[in-house]
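Sequence order for the protein chains is P and V.
Reminder that position 23 of the first sequence reads as 22 in numbering that gives the first Met the number 0, one-by-one numbering, no gaps.
Reminder that position 154 of the second sequence reads as 153 in numbering that gives the first Met the number 0, one-by-one numbering, no gaps.
Be aware that one or more of the hints could be misleading.
Below 30 Å or equal to it, Euclidean Cα-Cα: the simulated DSBU-like pairs (lysine-lysine) are [unchecked claim]:
#1 Lys94/P / Lys15/V
#2 Lys39/P / Lys3/V
#3 Lys169/P / Lys169/V
#4 Lys92/V / Lys39/V
#5 Lys39/P / Lys23/V
#6 Lys122/V / Lys158/V
#7 Lys50/V / Lys63/V
Non-contacting residues of chain P with respect to chain V, defined by C-beta distances greater than 12 Å in every case (computed) [stated by the list, open to error]:
#8 Ile40
#9 Lys50
#10 Ser125
Listed next, with one range per pair, are the computed distances between beta-carbon atoms [said to hold, decoys possible]:
#11 Ser125/P / Phe138/V: 50 to 58 Å
#12 Asn21/V / Asp173/P: 30 to 38 Å
#13 Asn21/P / Asp134/V: 38 to 46 Å
#14 Phe138/V / Tyr133/P: 49 to 57 Å
#15 Ser10/V / Phe138/P: 40 to 48 Å
#16 Cys8/P / Phe72/V: 18 to 26 Å
#17 Ser139/P / Asn31/V: 41 to 49 Å
#18 Ser139/P / Tyr133/V: 57 to 65 Å
#19 Tyr133/V / Met0/P: 31 to 39 Å
#20 Lys23/V / Glu119/P: 32 to 40 Å
#21 Leu175/V / Phe138/P: 35 to 43 Å
#22 Lys94/P / Phe138/V: 40 to 48 Å
#23 Met0/P / Asp134/V: 36 to 44 Å
Just so you know, the hints here were simulated from the structure itself, not pulled from any lab data.
Here the structure is a predicted model, which is why all the values come from computation and not from measurement.
We put the beta carbon where it would ideally sit given N, CA and C, even for glycine.
There are 2 protein chains.
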Amino acid sequence: MTIKFCPNCGSSVTFKIPEGDNRKRHCCENCNEIIYQNPKIVAGCIAHVEKKILLCKRAIEPRKNFWTIPAGFLENGESIENGAIRETLEEAKLKVKELKLFQIYSIPRINQIYIIFLKEINKDDSFSAGDETYDVRLFSFDEIPWNQLAFQTVSNSIKNFIKDYPNNLKVYNDVLE
Amino acid sequence: MTIKFCPNCGSSVTFKIPEGDNRKRHCCENCNEIIYQNPKIVAGCIAHVEKKILLCKRAIEPRKNFWTIPAGFLENGESIENGAIRETLEEAKLKVKELKLFQIYSIPRINQIYIIFLKEINKDDSFSAGDETYDVRLFSFDEIPWNQLAFQTVSNSIKNFIKDYPNNLKVYNDVLE
Numbered sequence: 000m001t002i003k004f005c006p007n008c009g010s011s012v013t014f015k016i017p018e019g020d021n022r023k024r025h026c027c028e029n030c031n032e033i034i035y036q037n038p039k040i041v042a043g044c045i046a047h048v049e050k051k052i053l054l055c056k057r058a059i060e061p062r063k064n065f066w067t068i069p070a071g072f073l074e075n076g077e078s079i080e081n082g083a084i085r086e087t088l089e090e091a092k093l094k095v096k097e098l099k100l101f102q103i104y105s106i107p108r109i110n111q112i113y114i115i116f117l118k119e120i121n122k123d124d125s126f127s128a129g130d131e132t133y134d135v136r137l138f139s140f141d142e143i144p145w146n147q148l149a150f151q152t153v154s155n156s157i158k159n160f161i162k163d164y165p166n167n168l169k170v171y172n173d174v175l176e
Numbered sequence: 000m001t002i003k004f005c006p007n008c009g010s011s012v013t014f015k016i017p018e019g020d021n022r023k024r025h026c027c028e029n030c031n032e033i034i035y036q037n038p039k040i041v042a043g044c045i046a047h048v049e050k051k052i053l054l055c056k057r058a059i060e061p062r063k064n065f066w067t068i069p070a071g072f073l074e075n076g077e078s079i080e081n082g083a084i085r086e087t088l089e090e091a092k093l094k095v096k097e098l099k100l101f102q103i104y105s106i107p108r109i110n111q112i113y114i115i116f117l118k119e120i121n122k123d124d125s126f127s128a129g130d131e132t133y134d135v136r137l138f139s140f141d142e143i144p145w146n147q148l149a150f151q152t153v154s155n156s157i158k159n160f161i162k163d164y165p166n167n168l169k170v171y172n173d174v175l176e
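Produce the complete structure using the sequences and hints provided.
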């Protein structure tokens with residue numbers, strides 16, 4: 000988001016180092032508001048059953064028509080796990096709970112932190128495409144559409160999951176440049 | 000932060016559900032900017048050596064004069080681990096690297112996510128109070144000033160660390176109401 004005006008009073012802002020700080024921020028000289036910009040969290044879920052992983056075909060940009068796990072920006076007032084649960088319901092119409100933390104990615108280049116959970120579902124759990132999704136399917140480990148995955152975070156997470164499945168699942172903390 | 004004006008064009012904003020969304024956002028009717036507000040990440044580090052933990056006495060509000068681990072808001076362009084490394088340098092003038100992920104707290108009430116790492120330091124590593132710190136000390140496990148800790152996240156994390164130390168360290172994901 001471009002910041003040219005103060006959200007509090009509407010005056011023009013100055014990009015400078017505030018007193019007691021050590022990096023430049025957008026500062027309002029009129030009402031003294033400082034507008035901080037910080038990384039955002041994307042929460043997601045690898046839902047799996049019997050060596051199959053649930054993937055959604057994206058109906059929105061970016062990466063429309065590519066496959067991804069249910070994931071999206073964490074909202075104010077949510078725990079990370081509840082963010083992943085909400086996204087799974089919105090994008091795949093799949094109800095999950097009690098997720099297991101699996102993978103954190105820092106992506107400093109785009110100011111995003113991905114936090115991905117695991118959930119073993121039942122083979123008769125129902126799911127279907129949500130508003131932002133064209134299709135939802137379970138892919139067996141050897142059918143994953145690697146060349147049609149939407150994001151590198153998704154590809155890497157699924158690789159880690161398959162590599163560790165089922166007895167060596169641990170929590171990863173990685174950086175994607 | 001109060002949002003009354005559009006940061007992009009300076010017009011008054013309307014609080015409404017944007018098209019294709021399902022929750023209210025601050026929307027600019029003039030330039031169509033949508034101002035999203037999302038949780039912020041606090042990155043911190045439990046630096047420890049020989050059953051002692053490094054704590055900083057806060058020289059700033061909130062919780063001035065109370066003890067805490069080095070921690071602070073993650074900045075744009077940083078990995079979470081580098082945020083914890085920077086805060087440890089700024090607040091305790093202690094150089095650390097290669098941290099181990101330990102604890103995540105979601106605090107939905109205040110829209111914050113704490114991510115805390117561990118680092119075993121050397122007993123002759125140097126540290127001292129940074130600009131936002133009155134004092135830095137190593138406290139042995141039985142000397143932790145429990146009643147003078149700044150935040151519940153810090154207290155809980157140190158309890159988990161002492162409970163698990165040294166052979167049962169795992170990664171926690173918790174919610175603080």
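We went through each hint and held it up to the structure:
1. Lys94/P / Lys15/V: Status holds; Cα separation ~27 Å.
2. Lys39/P / Lys3/V: Status holds; Cα separation ~22 Å.
3. Lys169/P / Lys169/V: holds, 9 Å
4. Lys92/V / Lys39/V: Holds: Lys92/V and Lys39/V sit about 24 Å apart, inside 30 Å.
5. Lys39/P / Lys23/V: holds, 18 Å
6. Lys122/V / Lys158/V: Distance ~22 Å between Lys122/V and Lys158/V Cα, so the pair holds.
7. Lys50/V / Lys63/V: This hinted pair holds, its Cα atoms lying about 26 Å apart.
8. Ile40: The assertion about Ile40/P is violated, with a minimum of 6 Å to chain V.
9. Lys50: Per Cβ check, Lys50/P is outside 12 Å of chain V; nearest 25 Å; holds.
10. Ser125: holds, 21 Å
11. Ser125/P / Phe138/V: 50 to 58 Å: Given about 53 Å between the Cβ atoms, the range holds.
12. Asn21/V / Asp173/P: 30 to 38 Å: Since the Cβ atoms of Asn21/V and Asp173/P sit about 31 Å apart, the hinted range of 30 to 38 Å holds.
13. Asn21/P / Asp134/V: 38 to 46 Å: violated, 21 Å
14. Phe138/V / Tyr133/P: 49 to 57 Å: holds, 56 Å
15. Ser10/V / Phe138/P: 40 to 48 Å: Given range 40 to 48 Å: holds, Cβ gap about 46 Å.
16. Cys8/P / Phe72/V: 18 to 26 Å: holds, 23 Å
17. Ser139/P / Asn31/V: 41 to 49 Å: holds, 43 Å
18. Ser139/P / Tyr133/V: 57 to 65 Å: Cβ of Ser139/P to Cβ of Tyr133/V: about 59 Å, so the range 57 to 65 Å holds.
19. Tyr133/V / Met0/P: 31 to 39 Å: The hint (31 to 39 Å, Cβ to Cβ) holds, given that Tyr133/V and Met0/P are roughly 37 Å apart.
20. Lys23/V / Glu119/P: 32 to 40 Å: Holds: the Cβ-Cβ distance is about 35 Å, inside 32 to 40 Å.
21. Leu175/V / Phe138/P: 35 to 43 Å: For Leu175/V and Phe138/P the Cβ distance comes to about 36 Å; the hint holds.
22. Lys94/P / Phe138/V: 40 to 48 Å: holds, 45 Å
23. Met0/P / Asp134/V: 36 to 44 Å: holds, 39 Å
Hints 8, 13, counting from the list given before, are not met by this structure.
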